[in-house]
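Fit chain to chain and form the complex, with the hints in mind.
Sequences listed follow chains A and B, in order.
Residues 1 to 254 in the numbering used here are what the first sequence lists, from first letter to last.
Residues 1001 to 1300 in the numbering used here are what the second sequence lists, from first letter to last.
No lab work stands behind these hints: they were computed from the structure.
Using N, Cα and C, we set each Cβ at its ideal position, and we do this for glycine too.
Hints are supplied without guarantee of correctness; some may be wrong.
As the list claims (entries may be wrong) - Subject to a maximum C-alpha distance of 25 Å in a straight line, what follows is the list of computed SDA-like cross-link-like pairs (lysine to any residue): (1) A:113 - A:171; (2) B:1201 - A:40; (3) A:27 - B:1063; (4) A:27 - B:1199; (5) B:1063 - A:113; (6) A:60 - B:1199; (7) B:1191 - A:41; (8) B:1207 - A:68; (9) B:1063 - A:6; (10) A:27 - B:1064; (11) A:27 - B:1196; (12) A:91 - A:6; (13) A:60 - A:40; (14) A:27 - B:1266; (15) B:1201 - A:171; (16) B:1266 - A:217; (17) B:1266 - A:6; (18) B:1201 - A:91; (19) B:1201 - A:41; (20) B:1063 - A:224.
Said to hold, decoys possible - Here are some chain A residues the structure puts well away from chain B; computed CB gaps all over 12 Å: (21) 8; (22) 90; (23) 134; (24) 137; (25) 219.
Residue-level listing of the chains:
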Amino acid sequence: MSNYARITGITVEAYDTKTIEFQWDEKARPGQFAMAWVPGMEEIPMSLSKIGRIKSITVKNIGESTNRLHQLTIGDTLRLRGPYGSGYDLKKGVKYLVVGGGIGVASVLPVIKETGADTIIGARTDKDIILYDQAHRYASDIWISTDDGSRGFHGNAVELMREKCDENRYDCVIACGPEAMLYHLYKACEDLGLDCQMSLERHMKCGAGLCGCCMIDDQRVCKDGPVFNKEQLSGMTEFGVSKRDTCGRLVKFG
Amino acid sequence: MTLETSVGRIELERPGMVASGIMGETGPSMARMIASGAGAVVTKSIGAEPKAGYPNPCFTEIKSGYVNAMGLPNPGIELFADEMRIAVAAGPVIGSVYGADADEFAMLAGRMEDYGAAAVELNLSCPHAKGYGMELGTDPEGVKQIVVAVKGAVDIPVWAKLTPNTRSIADIGLAVQEAGGDAVVAINTLKAMVISPEMRKPVLSNKFGGLSGPAVRAVGVRAVYDLYTTVDIPIVGVGGVTDAHDALQYIMAGAAAFQVGSAVAKGGPDVFDEINKGLERFMMDYGYKSISEMIGVANE
Chain A
1 MSNYARITGI TVEAYDTKTI EFQWDEKARP GQFAMAWVPG MEEIPMSLSK IGRIKSITVK
61 NIGESTNRLH QLTIGDTLRL RGPYGSGYDL KKGVKYLVVG GGIGVASVLP VIKETGADTI
121 IGARTDKDII LYDQAHRYAS DIWISTDDGS RGFHGNAVEL MREKCDENRY DCVIACGPEA
181 MLYHLYKACE DLGLDCQMSL ERHMKCGAGL CGCCMIDDQR VCKDGPVFNK EQLSGMTEFG
241 VSKRDTCGRL VKFG
Chain B
1001 MTLETSVGRI ELERPGMVAS GIMGETGPSM ARMIASGAGA VVTKSIGAEP KAGYPNPCFT
1061 EIKSGYVNAM GLPNPGIELF ADEMRIAVAA GPVIGSVYGA DADEFAMLAG RMEDYGAAAV
1121 ELNLSCPHAK GYGMELGTDP EGVKQIVVAV KGAVDIPVWA KLTPNTRSIA DIGLAVQEAG
1181 GDAVVAINTL KAMVISPEMR KPVLSNKFGG LSGPAVRAVG VRAVYDLYTT VDIPIVGVGG
1241 VTDAHDALQY IMAGAAAFQV GSAVAKGGPD VFDEINKGLE RFMMDYGYKS ISEMIGVANE
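Chain B extracted, bound-state conformation (with noise of 0.2 Å):
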């Protein structure tokens, strides 16, 4: 029995990886998470300059999940190569980042392919950031002119991280795929507010921001499935993974691996090792030899 799968022609040991946005924006904090069972690990999404990101408030936890407005903080593009230097010692690291038109999505992946990413993930789907992610990912002709151009630039693997808040997920999938998008992540989190009635304001200093964790599992498991039935290509699920059970929902669905952001915060890095072992004893108890057989079954 092996956990080991693949996205396309990347390998890896284990089906689980960090997703962007948590413990992914230092190179000792990478190098942890993949020590602690994260089969690789998705940066933060970097862009051209540095940026601050907004004030606090920008998270805040509800009953079964988080909402957060970051703001995309990070050093830029430039800097992220002494970070990159010391992740990508430690393991597979997948480069996140964001642009606001497809040459700068180009320029950036680029220079993740420089620093030794094994493959760029485009943030098409940050449901907080005027100008960027969401904003470029809800048009398949806007997303398929991203994909072509970062294609034309990278040699390494092209994943396209999609937006649930949209009409129709699928048709998105299918702009990536036309594109020539070596696979798709899905999905970001969804555009959502907190509201403090004692303040008579939203909390967090954006306004809005997008909920993450086990309140958007069942929609992170459909779009999954959704996708499964209309693109060819690779998918990575993602939303409020806490335990095996739940990354088995994602790859019945049909994931070929998956990634896990909130859970960080309860079950600290060692919630990889658990799910690890958590998808072990199921795949025994199921006379399940690896991940691939059991991709997508739920679709059969």
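In isolation and in its complexed conformation, chain A is listed as follows (with noise of 0.2 Å):
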């Protein structure tokens, strides 16, 4: 159901990324997301980057409506639906390696709290890392790469999860981030055995699984994802490849 919420406090994380707190009363999963919408912008799914009773959105500002959030003030009304979708599948017992992104560190934070895995976060350059004292914190190990190794190190962070997974041993690779960097990693994995889940991203317009607009091969990213396991990725034909657009035309990644 829809909810509003008051926001309680807003983090700046880096040059263009803010966290957005506020109190929600809805129960919510790691790996979950929520439509969020003010009057002025298009509604968009956004990742719960706290789950507790106050959650949090991680926003980077990269168009129109990400600017609205970021002029939202402490005080402000936020309207979210949700929290949807399947979220990651967490067990005891299994030794997992986080990997996040660039804003793909926003989705797997709940992650890192609640199994404190080891933790790579991957970014373009310094000014770029996002959440990493939050991630510092309850990680076991955490590790920065970078594009330009402008910190920490120099390369991708594909490259640096090859070279932890010499150095160590994980049962399963968790990973949220741009979608190239989720199929070098989930062919990655498929070298080196590893089990994974991975949470991807479509154009989404009802994200509750009815409008079938947020389609990979035959998955609902809104229901049956976002988050999909090393079998589900391996079924299918679009992940790293095509997506669809707003009008359902599938467009090949460029």
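Structure (structure tokens):
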């Protein structure tokens, strides 16, 4: 159901990213999302970066709608639908490696909190790294990769993941980030014989599993996903290859 | 005992179809719905050109249903060939089309026939698309012209999906019958609005939209009952079917088959399997051997 939440806190995470906190009493699992809206923007799906009684979304300002969210201040009201989606399937006794790329760290932060798993945060540059302090507080071990080498490992998160999998034993990789990163991460998991769960993204309209606008092959990202396991990913022909636009046309990734 | 039924010359192994607008935009999603127990799937309404639809929010949940104004997003009839190829291989597909006039409807229906659609469903009832749907579907003369044009263009059965947002749905049904239409489908969503007091605004970007789900079921059942007393062509019932008991209301009101839409959100694609099992249990308990024995019995 839809709900309204007053904003109780705003944290600047990076030059282009803010976390917006609010009290929202719905129960949520790691990896779930909400459809967020205020007048003057398009309603958009946002991963929950906190899932307790106080919840949050972490917003990278990339367009008109996210810009509208960035204008909000403490005390403003946010409309939320959800929480929607499957979320990550977390089990005791499984050794996870969490990988968050760019704004994708928002989706995996609750996993780090719940499992204390080793974590890789990947970003383009030092100034694009978000949520490091929070992740650092809960992760057993945490490493950073930057594309330009301005902080941590010089290279991408997948290269760093391969390195860490040489040094340590993991059972399952949990990841959210750009689809190109996820696709190569999935390929690495195949090579290394690791299980994985990945949170994917497509253009959503209803968010509730009805309209079929956010399909990847025959899977609804909003309801069957957004988190898909290795078996589901292995059956997808569109993963890393193409997506549907707002008209439902299949478009290849550039 | 059998769940087989027929809508005119269309024979269905199972009486429940996926309603238009639900999981009907891509080939793989339609194939999945058929594999999940739907007797057929009705496509998203397809127009002549690609259309993005209205900006979000275009959908919201209310206590007993949903209100949406998607704005007919679709990839256009040209590209839809790729989706139809995949869907048609999985089972019966009813091609839903919307046009601005009779000629456009006829062209689109012809393409759907080329793509292998088992029948075509004319969207004369979408309540929120300017110049389309309900704006054409509330005038019996206009409806007649469209159905006549489409009948002249295709050999597959022509179904007309009707709006409840009109003075008399039976009059529109009669117009479809007089024009040679093969079946009527009732009902589309009820024109509706949701306002956010917190934001002091309508929630949907289009302001108004269409109400679906359990909230509209009793309206739909009444509409089918009215149509059954008025027309002789088969009726397909749709609106708020969530389980076998709901489906039976439509069948006993006069529907030869039914469609399921909103219930896919909560029940998932498996809702069809559940409904099929429920129908079999009911027929066993009450001694019915076929769907046809139950059609319209509430009118007797």
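Verification of the hints:
no. : hint           : in the structure
1   : A:113 - A:171  : holds, 18 Å
2   : B:1201 - A:40  : holds, 11 Å
3   : A:27 - B:1063  : holds, 18 Å
4   : A:27 - B:1199  : holds, 24 Å
5   : B:1063 - A:113 : violated, 34 Å
6   : A:60 - B:1199  : holds, 24 Å
7   : B:1191 - A:41  : holds, 24 Å
8   : B:1207 - A:68  : holds, 20 Å
9   : B:1063 - A:6   : holds, 22 Å
10  : A:27 - B:1064  : holds, 21 Å
11  : A:27 - B:1196  : holds, 23 Å
12  : A:91 - A:6     : violated, 33 Å
13  : A:60 - A:40    : holds, 17 Å
14  : A:27 - B:1266  : holds, 17 Å
15  : B:1201 - A:171 : violated, 49 Å
16  : B:1266 - A:217 : holds, 21 Å
17  : B:1266 - A:6   : violated, 28 Å
18  : B:1201 - A:91  : violated, 43 Å
19  : B:1201 - A:41  : holds, 13 Å
20  : B:1063 - A:224 : holds, 23 Å
21  : 8              : holds, 16 Å
22  : 90             : holds, 22 Å
23  : 134            : holds, 29 Å
24  : 137            : holds, 34 Å
25  : 219            : violated, 8 Å
Violated hints for the displayed structure, listed by number in ascending order: 5, 12, 15, 17, 18 and 25.
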